[in-house]
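**Student:** One-letter residues, chain by chain:
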Amino acid sequence: MEAGILLLPGLLRGLRVTLEVFVLGAMLALGLSFAVGLLRLSRFPIVRTLAAAYVEFFRGTSLLIQLFWLYYALPFFGVELSALAAGVLGLGLNYGAYGSEVVRSAIRSVPKGQWEAAIALNLSPLVRFRRVILPQAWPLMLPPFGNLLIELLKGTSLVSMITLGDMTFQAMSLRTTYARYEVPLFLLLLVLYFLIATATSAIVRRLERRARVGRSA
Amino acid sequence: MAGAPAIVDANRALQDRARAREDAAVRRPIVRFRGVKKAFGAMTVLEGIDLDLYPGEKVVVIGPSGSGKTTLARMLMTLETPSGGEIEVDGEPLFTMVRRGRRVPADERHLARVRGKIGMVFQHFNLFPHMTVLRNVTEALIHVRRIPPEEARRRTMAMLERVGMAEHADKYPAQLSGGQKQRVAIARALVMEPKVMLFDEPTSALDPELVGEVLAVIKEIAAKGDMAMLLITHEMQFAREIADRIVFIDGGKIVEQGPPEEVLLRPKSERLKAFLARFRNGMGLR
Amino acid sequence: MGDEWRWDVAWAAARKIAAVVPVTIAATVLGFVVAAAAGLAWTIARRSRSALVRGAVEAAMEFVRRTPLLVQLLFLYVAFPRLSVFAIGVIGLGLHYGAYLSEVYRAGIEAVDRGQWEAARALNFSRQKTWTRIILPQAIPPIVPMMGNYLIVLFKETPLLFAINVTEMMAVAKQFGSETFRYLEAFTVVGVFFFLMSYPASLVVRWLEARFGRAG
Ligand SMILES: Nc1ncnc2c1ncn2[C@@H]1O[C@H](COP(=O)(O)OP(=O)(O)OP(=O)(O)O)[C@@H](O)[C@H]1O
Ligand SMILES: [Mg+2]
Chain A
1 MEAGILLLPG
11 LLRGLRVTLE
21 VFVLGAMLAL
31 GLSFAVGLLR
41 LSRFPIVRTL
51 AAAYVEFFRG
61 TSLLIQLFWL
71 YYALPFFGVE
81 LSALAAGVLG
91 LGLNYGAYGS
101 EVVRSAIRSV
111 PKGQWEAAIA
121 LNLSPLVRFR
131 RVILPQAWPL
141 MLPPFGNLLI
151 ELLKGTSLVS
161 MITLGDMTFQ
171 AMSLRTTYAR
181 YEVPLFLLLL
191 VLYFLIATAT
201 SAIVRRLERR
211 ARVGRSA
Chain B
218 MAGAPAIVDA
228 NRALQDRARA
238 REDAAVRRPI
248 VRFRGVKKAF
258 GAMTVLEGID
268 LDLYPGEKVV
278 VIGPSGSGKT
288 TLARMLMTLE
298 TPSGGEIEVD
308 GEPLFTMVRR
318 GRRVPADERH
328 LARVRGKIGM
338 VFQHFNLFPH
348 MTVLRNVTEA
358 LIHVRRIPPE
368 EARRRTMAML
378 ERVGMAEHAD
388 KYPAQLSGGQ
398 KQRVAIARAL
408 VMEPKVMLFD
418 EPTSALDPEL
428 VGEVLAVIKE
438 IAAKGDMAML
448 LITHEMQFAR
458 EIADRIVFID
468 GGKIVEQGPP
478 EEVLLRPKSE
488 RLKAFLARFR
498 NGMGLR
Chain C
504 MGDEWRWDVA
514 WAAARKIAAV
524 VPVTIAATVL
534 GFVVAAAAGL
544 AWTIARRSRS
554 ALVRGAVEAA
564 MEFVRRTPLL
574 VQLLFLYVAF
584 PRLSVFAIGV
594 IGLGLHYGAY
604 LSEVYRAGIE
614 AVDRGQWEAA
624 RALNFSRQKT
634 WTRIILPQAI
644 PPIVPMMGNY
654 LIVLFKETPL
664 LFAINVTEMM
674 AVAKQFGSET
684 FRYLEAFTVV
694 GVFFFLMSYP
704 ASLVVRWLEA
714 RFGRAG
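Chains as they are written, first to last, in the numbering used here: chain A, 1 to 217; chain B, 218 to 503; chain C, 504 to 719.
Bear in mind the hints are in silico, worked out from the structure with no lab data behind them.
Take the hints with a grain of salt, since some may be wrong.
Residues from chain C shown here face chain A by an in silico Cβ test under 8 Å; the list is partial [to be verified]:
1) LEU572
2) LEU573
3) GLU660
4) GLN678
5) GLY680
6) SER701
Note that the structure is predicted; figures quoted are calculated from it, not measured.
From the three backbone atoms N, C-alpha and C, an ideal C-beta is built for every residue, glycine too.
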């Protein structure tokens, strides 16, 4: 109890950074998921190949390496990113690669007849996608997106290792001050992540319920 | 008043010429397949189809399974690209266009413009499951024809009335029977006022007891006259009632065509005879 | 452009990193063995007859899956000061991915037709025999590709062990970088190492998926 009162304010100082990195990273990842997922369905083989290369590259290496690379190695090319920028960019690029697979497979699982009916009604390619395909693919994307979002949240803890002051970073520095309480400290940190993840997952569930209105068949 | 007869003459000449133009327009095919070929990989499905469809004409296409009937309709709907030959719609090539004095493959703009003259009803309805019946039908009116929502709604309700689905306007496709779904799909295509309607086996995915209601709707539409129809079906009795002309496709070619009585009752080719023999029983054909 | 890429430095980094490849491999393999066993334990526990046990197990698994591996490692590190950091790394990876593998096992088991249980019952197989002779032989082959996937994921997570002072590839790269101030080569080379090992493995898994179908 005493430990909690002592430690919580310090951890909560990192909460803002964690949430900031989480939200910005998620937005970037979502944007990339759609952009790259659609490029992977392009008519042009070269575009598909480049998009696939991006996905394979980011899925083939580790998030931590990507973050270190963006933060420590990129300056060698004259690009100095702040820790926040490197963190958001790394998370966005990494989870965007996974998300693009979600987008791609969800779009591909919309029955061919739906595309054809949209063409037969002469809907423009944009309207076809926005009003016919996406509304049917979106509910399929939500559950895997929800899982990815949790993974992304967990991934934010890695930004502590590129000097960004998130919750994990705060815990590491509290640990040196309150060595006696280091076990409850990390337990408390785990609980905080669990609570954020659970809230996130509840929000996604609600979106899933909303997306299901009047479907199937 | 001396000039009066001259004016009358000139008027008459103008009227004659206008009538001649109209006649020519009536005689000009709305759709024209010219030497159309289609192959999927190494397999040739259609090898040179010549077929004209005139405004208002109802043409029924029959033929064995796999003979390429669906492929024919899908090419006209731009869902497949011919491997050879050309399809003209309203006197204009569908898959090519002129740019800077040269014939080039059609772009999306060209396809969209020509496609606007054609509507299609699919075997499996292909209704949009996430939209109500009403929205399924208004969608293209609003987003393609750019008709204001209120007017689109009015036209939709009138069309749903016509196919007997007005009271189901707020339901989702999942809540409808197959026959009801197909009637909505017909309304959805019809409300766009196409010059040509394609029906690809509109009743073959339906339970037998639901076939009648859909055929009745199609018959009612056909009676209305001005729209050309290309209808693929295995319902021979229905074909006979509705068709101005029946086209029999087999082996990638048009084997026979003519008025329903000719084709159905006095087939010339052995292949058509064999094909029809399978429908003799219970089809009311003698 | 500042300092451009230097091959001699990259070579030096590669040699140092290559020296600890066995550490990373060992952590991966042992971590996966623990994960496979822990996953089985989770799976058995969550099928317990007691609703209380089932609920507690589900909650614990959810907790493990919804919290960062990095923080779990740090927690184990401070909670068990007697254990070697390598052992903590292996246990951390194993518990974390055990919770994921349990989901995979469950999917495999649920995919076995109900009729198989009934047939086993009708033939009077014991409960244990039903599992070992009837259910598992059918449940496991379809989930092999999924397990392969998690093996690769686990491999890519081993750089986190650097945070608890395990001398694996990432730690060596960071060390090299801070000694020579050549982070570019150090982190590029370690990335290449990971890619060269994980990408071929993922091709194998994809081939397995295509060959034996997707499950789980
Ligand atoms: N996209 C495609 N790829 C490969 N082959 C195709 C494709 N579409 C159609 N085919 C083949 O082309 C042939 C003609 O098909 P089509 O669907 O046009 O026949 P159909 O006359 O409509 O037959 P049915 O009466 O069974 O509907 C068939 O052998 C079919 O397998
Ligand atoms: Mg067909």
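**Student:** Does each hint hold? Answer for all of them.
**Tutor:** So, going through the hints one by one against the coordinates:
Taking 8 Å as the C-beta cut-off, the interface hint given for LEU572 (chain C) holds, the closest approach to chain A being about 7 Å. For LEU573 (chain C), the interface hint holds, the least distance from its beta-carbon to any beta-carbon of chain A being 5 Å, beneath 8 Å. Interface restraint check: GLU660 (chain C) against chain A, minimum CB-CB distance 7 Å, threshold 8 Å, status holds. Hint status for GLN678 (chain C): violated, given a least beta-carbon distance of 12 Å to chain A, over 8 Å.
For the restraint placing GLY680 (chain C) at the interface with chain A, the shortest Cβ-Cβ distance is roughly 6 Å, inside the 8 Å limit, so the hint holds. Satisfaction of the interface hint for SER701 (chain C) is found here, the shortest Cβ-Cβ separation to chain A being roughly 5 Å, below the 8 Å cut-off.
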